[in-house]
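Enquirer: Each chain, letter by letter, is given below.
There are 4 protein chains.
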Amino acid sequence: MIIVMKPDASQNNIQRVIEVLEKKQLKAHLSTGKQLTIIGVVGDKSILSESNLEAMDGVDKLVPITESYKLSNRKFKPEPSVIKVKGFTIGGNSFSVVAGPCSVESREQILETARFLKSLGVSFLRGGTFKPRTSPYAFQGLGQQGLEYLKEAADETGMAIVTEVTSLKTLEIAVDYVDVFQIGARNMHSFELLKEVGKAGKPVVLKRGLSATIDEWLNAAEYIMREGNNQVILCERGIRTFETATRNTLDISAIPVIRSKSHLPVLIDPSHATGVRDYVTPLCKAALAVGSDGIMVEVHPTPSKALSDGAQSLNFEEFQNMLSELKPLADLCGKVMSK
Amino acid sequence: MIIVMKPDASQNNIQRVIEVLEKKQLKAHLSTGKQLTIIGVVGDKSILSESNLEAMDGVDKLVPITESYKLSNRKFKPEPSVIKVKGFTIGGNSFSVVAGPCSVESREQILETARFLKSLGVSFLRGGTFKPRTSPYAFQGLGQQGLEYLKEAADETGMAIVTEVTSLKTLEIAVDYVDVFQIGARNMHSFELLKEVGKAGKPVVLKRGLSATIDEWLNAAEYIMREGNNQVILCERGIRTFETATRNTLDISAIPVIRSKSHLPVLIDPSHATGVRDYVTPLCKAALAVGSDGIMVEVHPTPSKALSDGAQSLNFEEFQNMLSELKPLADLCGKVMSK
Amino acid sequence: MIIVMKPDASQNNIQRVIEVLEKKQLKAHLSTGKQLTIIGVVGDKSILSESNLEAMDGVDKLVPITESYKLSNRKFKPEPSVIKVKGFTIGGNSFSVVAGPCSVESREQILETARFLKSLGVSFLRGGTFKPRTSPYAFQGLGQQGLEYLKEAADETGMAIVTEVTSLKTLEIAVDYVDVFQIGARNMHSFELLKEVGKAGKPVVLKRGLSATIDEWLNAAEYIMREGNNQVILCERGIRTFETATRNTLDISAIPVIRSKSHLPVLIDPSHATGVRDYVTPLCKAALAVGSDGIMVEVHPTPSKALSDGAQSLNFEEFQNMLSELKPLADLCGKVMSK
Amino acid sequence: MIIVMKPDASQNNIQRVIEVLEKKQLKAHLSTGKQLTIIGVVGDKSILSESNLEAMDGVDKLVPITESYKLSNRKFKPEPSVIKVKGFTIGGNSFSVVAGPCSVESREQILETARFLKSLGVSFLRGGTFKPRTSPYAFQGLGQQGLEYLKEAADETGMAIVTEVTSLKTLEIAVDYVDVFQIGARNMHSFELLKEVGKAGKPVVLKRGLSATIDEWLNAAEYIMREGNNQVILCERGIRTFETATRNTLDISAIPVIRSKSHLPVLIDPSHATGVRDYVTPLCKAALAVGSDGIMVEVHPTPSKALSDGAQSLNFEEFQNMLSELKPLADLCGKVMSK
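Residue numbers (my numbering), protein chains in the order written: chain A, 4 to 342; chain B, 4 to 342; chain C, 4 to 342; chain D, 4 to 342.
Hints listed in this document are in silico derivations from the structure and should not be mistaken for laboratory results. Yeah, the Cβ is synthetic: ideal placement off N, Cα and C, and Gly gets one too. Some hints could be false.
[As the list claims (entries may be wrong)] Partial selection, computed: residues in chain A whose CB lies under 8 Å from chain C:
hint: 1; residue: Gly61
hint: 2; residue: Leu65
hint: 3; residue: Val66
hint: 4; residue: Leu171
hint: 5; residue: Gly204
hint: 6; residue: Ala248
hint: 7; residue: Thr249
hint: 8; residue: Thr252
hint: 9; residue: Leu253
hint: 10; residue: Val260
hint: 11; residue: Ala276
hint: 12; residue: Tyr282
hint: 13; residue: Ala292
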């Protein structure tokens, strides 16, 4: 960390800052320029978290140099993490496909979808039963009943279930049903939920917040991992920008950035990123080419009858075509699809 | 709502959409242009929430014309809402000052602050005890112990307590202590928490999400109000942009926008919006001039020793000077400060 | 276009709007709902450009339904445009590689680079000689001297030159040297420059503005095309967001969006989008997979000695490796690289 | 400036960086931590502009500590600048009102407006004659004819003319007519235009770019000032965000930020910032309260007949009422309005 002093900071101000650092056993390196003085801090700065250097007299600003996350940081674990779920793999040379409807709507719908996906070799079944919706007047999901249906579909097909939990209460209900928890974009900052999902000990897909920086995202992963759960799978699902042609802006550069900063696997969700069915296939191909560990895609037997997000869901035929396009690309990239 | 059909939509596609509308007792008005057809939908479109028009063949997009929120909508309640807490008023011709430290740190700190604020006529005491922090290694608040201290300060001074709840669990703990719940920016989208805080029946300060649109913000208010709780106070605290000179960008235009769209009172929090102490006073003056219903400001006996957000906290002298500057402005604007 | 009337608009207000429309030979379709009236406008609304419906009494807002650009619009020319330069092709089944240093720095530098690129089969040589730099104290380019060097390199190798013009004056100087003009992100809104470059009659690479919407970008293309020049090549180079891990955020979804809205070819520039050398290769692969028509990449003999943007430039070896990785991908995608 | 080395940088890498610095007579201060080494650079770093430290082996990133702009920097000229135009003042204790139509549309329109404004004591008349419009099919301004009308209005009333120039060509035409040049948001990055307007020697209103940071804005001012022209007036006109309720988001915090970083006066343009007439008056009041040096507001005799931006223009009565509301506020804030 660098402490930048104000141009008019007194020797006394500087001395005080150094005293605070030294009391914490940190070393201070002074660089005194014509305009101002900067102080380099050497040592474990996490012990500074309860100090408040930024508010001390004469201090202009703090410039962090190293990241505050540790367990998710590639510096401390250079080899990529590989996560196993029900015998299926996420990370390494796998390219994982997580697919299913936005919402579980009925027993028939989810069973039909699961059977179809299984027939194509897809291992991860997604489907929401607790739906966070902007308007309270929109469809809110089937709740526990939906989990029962998901479970039945998974039991029959052997697929692994990925589903979203939105609060401590829904986490408690879902824990008996799901194989992989999903934390949605709207809850990436719900730190207590992150801690609890960390304690639950099952793999977690952690979506990036609506406008979270990559740094904040990895700090959110840290909340989960600190509870002893290292099975975190990141998922880029678009960030909020001024562009309105797509629902969000897929930040594809986040994949190489995450690769350089973290060892965690990272998926791409083009359905939520764009909100437009026609853009899903080209973005899935880009996801593979850029080096992501997989995709999360919405599939629905009859998108025009979906209770939520039908406009971004592929129908069965479109999904099958998409997989066919991905297969040779995966071979070329040395990735094994799905299982 | 307007349904815009694709240029190549068939007569059959259009007919199907009209059938769906008519089955729901809605009227469809066709406008057929050279390039494309648009369909105006007349009637209560909330009954369409489980349809999925956007995914029907031939449909290009839906353009909403009216807002999806109702209880918070000024169209349905033109007169501004006024909220009473412990005899103090928010809304109407009041300009309310909510002040206190970012975090409750000790019994002495909060008592000293409360006494000082009370001596200046401030009625609302803020202080966090459950702190949502980006990094899990940062100070996380005193929890229930902090609530005890807040309560003691409120009992002694007669002030009303405003404090943040971050989950169903902390809501349950806090309900016996607080006068006004605060939902922080990071939880504006935590819809289950919104519902629960709606049921708790106490006034709620609802901060705008980090990158929430005003429309989403009013929909979040709707989640609370639908549970029978109309005592919602909005609070603009800055949105995320590319600018880095301030922590966030205070969207001051949100105040007149909210005025035209909603009857709910709205505060401004310049401390979180900017993250810089020196910018707080000018922005408080702007908050008054633009017509907001009050401010939420961080005050700390010794900002340089604060455990969180010291850089944006005013010390006692700075806060007192700020109030002195606001007073004549409030008089001029016909606003009564604080109580 | 839809005209949304205010809830309290009078019959008189509505009548007045209809009169304005009918005077222009446009048809008005009324949809009268419980809350408000909307008016669908049918006909060529470009003739409304000098009216000011939005400011008429009782009008709430105008909702555009069709795009204002025409010549660049796919609706009016469904087949993709293919552009020929010196016998080289951009668009169609080509995947074009435009490469070279950020700035032309010396005769040796550009000759060495051109020879190397030519040896790999690259056809388009880029290099800036008029550099728009944020700070006036940064290197501003070699000007006309740089153009001489570029010309020499092109004459020797047979490559086509792509270089940026930044004003009417530099356009006039450059016109005798370049094969393809580049309009940089900072000038996408310089409409007079767009018109002049349209008149110059040479192909134009039009970069997306720092924070331009896709709609604005296509309108900028329209400024060029209206002067009779259809040879416009779009180039996505990242948009401005809150994320700081990359210089900008590459909006990869823009490629399928452009495909659906326009017939113009579109490149991706990952060097400027990220500002980080290590992210260039994965994003070039994504550019190919997503279906773009090519890439624009910075290459420098010795990036650590570049006078501008060295941190994002590939050295020769890195560039060669990148091309080797792209080749099989291009084959798979049915694209012919470079020529 | 701080140079942050990569964790795996070798002693050799570090040595090389130090050599480059020392060759330039700069001092290097090393701070060697467990994870990485940082190098503080002391001295005039502008001489580094042609080096490329960021691309050297082992270098992770450069962290600028001091600003790159100098002439506009408050550190080098602490007292606020006051600019005189035709005997009128901008800056100091003045609160300047710049008003007029978006576009000059006819001789009658601008004369009528000027006479009305003059009667209220307004000194600065704005009106565009070269209009940068997103679509080439929209009204583009009257050009030189409009300047003639403006001049006539100014000659009769004694007001000072503020008008936009959009290119070297329109600058040349306008120079004989205008008192204050305006550089619009879309041209803030047109550096050659900035230089030329710097040479022209007349005061310049420099609007903030659509998505420019404050740092970039002050660097743009630097381009003008380096040509010997210190008469730069900044104007905040809203930045681009995801919010759609207003056309842009007025960044009101920019006022205190500019105050702390620069000595230049700064205006607020609420008409362009919001695009909505009803929001103009509250934001003008906020502009005064926050400490800006004035406002730029659109006024039109009949907004509903304006050829551009009618929806955001005040009519004469609305403008007069707005001034009446501002007057007592200005008195309270110790500001003298308009002249």
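Enquirer: Interface hint check: Leu253/A, Cβ to nearest Cβ on chain C, cutoff 8 Å. Holds or violated?
Expert: Leu253/A check passes; min Cβ-Cβ to chain C is 5 Å, inside 8 Å.
Enquirer: So, as I understand it, the hint says Val66/A touches chain C; can you test that by seeing if any CB pair is closer than 8 Å?
Expert: Violated, about 12 Å.
Enquirer: Answer holds if the nearest beta-carbon of chain C is closer than 8 Å to that of Val260/A; otherwise answer violated.
Expert: Because about 5 Å separates Val260/A from the closest Cβ in chain C, which is inside the 8 Å limit, the hint holds.
Enquirer: Given a cut of 8 Å on the nearest C-beta pair, is the interface hint for Tyr282/A held or broken against chain C?
Expert: 4 Å, holds
Enquirer: Go through the hint on Thr249/A and say holds or violated, using the shortest Cβ distance to chain C against 8 Å.
Expert: Given a least distance of 5 Å, the restraint on Thr249/A holds.
Enquirer: Against chain C, with CB atoms and a cut of 8 Å, does the hint on Ala248/A hold up?
Expert: The hint holds - Ala248/A has a Cβ within 8 Å of chain C, the shortest such distance being about 5 Å.
Enquirer: Next item in the hint list is Leu65/A. Is there a CB on chain C closer than 8 Å to its CB?
Expert: Since chain C brings no Cβ nearer than about 16 Å to Leu65/A, farther than 8 Å, the hint is violated.
Enquirer: Does Gly204/A meet its interface restraint, that is, does its C-beta lie within less than 8 Å of any C-beta in chain C?
Expert: Hint on Gly204/A: violated, closest Cβ of chain C at ~30 Å, above 8 Å.
Enquirer: Given Gly61/A as an interface hint, is the shortest Cβ-Cβ distance to chain C below 8 Å?
Expert: Nearest chain C Cβ about 26 Å off; hint violated.
Enquirer: Tell me if the interface restraint on Leu171/A is satisfied: Cβ within less than 8 Å of some Cβ in chain C.
Expert: 29 Å, violated
Enquirer: With 8 Å as the cut and Cβ atoms as the points, is Ala292/A at the interface with chain C?
Expert: Given a least distance of 4 Å, the restraint on Ala292/A holds.
Enquirer: Going by Cβ atoms only, is Ala276/A closer than 8 Å to chain C?
Expert: 7 Å, holds
The structure is inconsistent with the numbered hints 1, 2, 3, 4 and 5, although it conforms to all the rest.
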